[in-house]
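**Student:** Read off the chains here:
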Amino acid sequence: MSVSRLNLGYVPLVDSAPLIVAQELNFAADEGLSLNLLRQPSWAALRDLLALGHLDAAHMLAPMPTAMSLGLSGPIARIDALMVLSVNGTVIGVSNAMAAAMRDRGWPGGFGTPYDTVIPLLKALDGPLRVGVPFPYSMHRLLFEYWIAHTGALQSADIRIITTPPPLMANAVAIGEIDVFCVGEPWGSVAVADNVGELIMPGAAIWAHAPEKVLAARHEWIEENTPAVGALMRAVARAAAWLDTPKNRPLAIEILARSAHLDLPHAALDHALMGRFATQFGAAPVDVPGFLRFHDRAANFPWRSQAAWIGAEIARLTGIDRKHAIAVAQGTMRPDCYRQHLGPIGVDMPGASAKIEGALNHPMAVASTRGQMILGPDAFFDGETFDFTLSE
Amino acid sequence: MCCDIALRLSAQSMDQSCDLTHHSSVTKTMKIAVIESDPDRARDIIDALMEGGWTDVVVLGDVTGLARKLAALDPDLVLIDLANPSRDALEQVSVASEAQSRPVAMFVDRSDDEMTQAAVAAGLSAYVVGELQPERIKPVLQTAIARFQMMSQMRNELEAAKQALADRKTVDRAKGMIMRARGVSEEEAYALLRKTAMSQNRKVIDVAQALLTASDLLT
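So the sequence lines, in the order shown, correspond to chains R and P.
Quick note, the first sequence lines up with residues 1 to 392 if you use the working numbering.
Quick note, the second sequence lines up with residues 393 to 611 if you use the working numbering.
There's no promise every hint is true.
For each label pair, taking beta carbons as the anchor points, the in silico distance ranges come out as [said to hold, decoys possible]: (1) R:3 x P:598: 42 to 48 Å; (2) R:34 x P:560: 27 to 33 Å; (3) P:443 x R:149: 47 to 53 Å; (4) R:76 x P:475: 19 to 25 Å; (5) R:109 x P:598: 45 to 51 Å; (6) P:558 x R:266: 39 to 45 Å.
In case anyone wonders, no lab produced these hints; they're calculated from the structure.
Every residue gets a Cβ at the ideal spot worked out from N, C-alpha and C, and that includes glycine.
Turn these sequences into a full structure, and let the hints guide you.
**Tutor:** Pasting the structure below:
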């Protein structure tokens with residue numbers, strides 16, 4: 001089998017694991033691929049290099065293909081999401097000063113519910129609330145803004161979103177640049193370990209099944225490289241399934257810590273992959289089951305309705321036309337590629353390519369290509385549901 | 393992190409030659425912010441811009457609170473290394489918010505593909521604030537791209553030289569250790585390292601490093 005070499009961009013975060021495992025455990029080699037994993041210093045750099053064709057595909061924040069395709073972020077380029085790489089996996093935290101002020105207003109500490117946490121959070125400060133997120137078009141920001149906007153009486157809250165690169169997040173908290181942070185692991189746990197902040201909620205408390213990262217590529221590249229697209233998707237899907245097998249997680253931590261790709265210490269990987277968090281410096285860790293999902297519950301399936309939700313939220317935040325944003329967003333998801341390339345290798349997949357987002361409060365069996373598969377929960381904290389087929 | 397070296401260079405402090413006067417009269421109102429933590433590199437970029445007649449240049453060395461600092465400086469153009477991890481903080485200013493009245497666009501768009509590719513290849517990214525005419529931005533970028541190309545080549549050479557030096561030290565230490573332990577000559581010690589590396593399909597430097605690590609553990 002001839003080996004083709006793909007240039008793959010990633011940002012060194014725990015959730016880039018499917019790409020690293022695909023290369024390190026030879027899932028890529030089995031497909032005749034050699035993955036040239038190119039670590040990127042920022043999402044903006046990764047975005048530009050993908051848009052300009054220096055990268056073939058990339059690990060990307062789920063809202064980025066939509067933002068790029070809408071021309072809101074960087075050089076305008078039609079970018080598609082071939083599959084979802086990971087679901088959930090973010091944490092929300094506050095500075096120690098904020099935590100103290102929140103306790104004065106009745107916050108008990110630890111991981112709480114969105115409703116119980118929001119009042120102490122918004123009442124803690126007199127001035128604006130400065131919120132650090134990794135990127136303007138990130139699920140972190142969309143979840144945080146959704147949370148604040150959907151708690152009713154406090155919609156006039158003065159929120160300042162401040163983009164902060166994740167490795168600098170703990171420092172920004174320490175020097176008082178930000179009060180709140182929404183970030184992917186390990187950077188939330190780093191703030192706790194440095195004793196500069198406390199964790200208040202996992203992102204999944206806001207939306208139980210939020211697509212976090214996607215495997216993105218240029219639309220034209222996908223059309224012109226069908227065999228490579230298929231090989232890449234199969235390798236990544238196998239790596240994702242391997243990662244979601246519980247007994248493999250300790251080994252996954254070893255592989256990720258040893259490989260030069262992440263440059264993160266063993267301890268930093270442990271929290272996210274084992275789903276165990278100390279919310280406060282020195283506190284006993286608590287379990288967050290399914291904190292970061294790579295494959296199970298159809299995690300990799302690129303639901304058009306997930307993109308539609310992203311499009312609708314981006315429209316709300318930027319003021320662009322909602323209908324247009326939803327249409328463009330839906331076009332970025334490629335369930336067609338998913339079915340074409342992963343169906344033949346036996347990956348189970350849902351019958352439909354869109355669902356009512358937020359409808360499942362509990363895991364539920366739905367019709368799938370192999371009979372039945374378990375989906376959900378995918379509920380929003382406020383019980384809202386989104387049926388985008390109605391608005392078309 | 394190094395200290396903030398925000399230095400402001402005014403037109404008055406410049407000794408301008410006549411042939412640049414016309415150029416600078418066209419561009420003198422443009423305020424350029426350069427984000428660069430290495431003082432030598434920052435100085436280099438400033439020099440290039442000054443030579444080109446752009447005298448209103450501010451360097452931000454400390455990226456802490458970058459968005460806030462930029463809002464206070466209110467530059468027309470921001471230049472930043474493509475590899476700078478703080479680039480995402482700049483993306484903030486391109487998002488609509490009440491704090492920012494003027495739109496920010498990244499310069500690299502598809503309208504000038506050649507220049508875009510040249511900038512990316514040189515490792516430069518630029519952000520334009522407000523409504524600068526492309527013909528005013530272009531010469532600044534051409535100047536910056538040329539300087540970035542020169543600097544990135546120098547940086548690569550410097551890093552290669554540093555690495556080679558460090559590698560040589562490691563190999564020398566490993567050789568010394570083998571010479572002492574086995575009572576062999578320097579040539580024989582190196583031959584042994586090389587043979588081991590080849591038989592294990594590894595680099596000499598990796599074998600040398602492994603030997604030093606093992607020896608550190610055992611002593």
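**Student:** Each hint should be assessed against the structure and marked as holding or not.
**Tutor:** Each hint tested on the structure:
no.	hint	verdict
1	R:3 x P:598: 42 to 48 Å	violated, 24 Å
2	R:34 x P:560: 27 to 33 Å	holds, 31 Å
3	P:443 x R:149: 47 to 53 Å	holds, 51 Å
4	R:76 x P:475: 19 to 25 Å	holds, 23 Å
5	R:109 x P:598: 45 to 51 Å	holds, 48 Å
6	P:558 x R:266: 39 to 45 Å	violated, 25 Å
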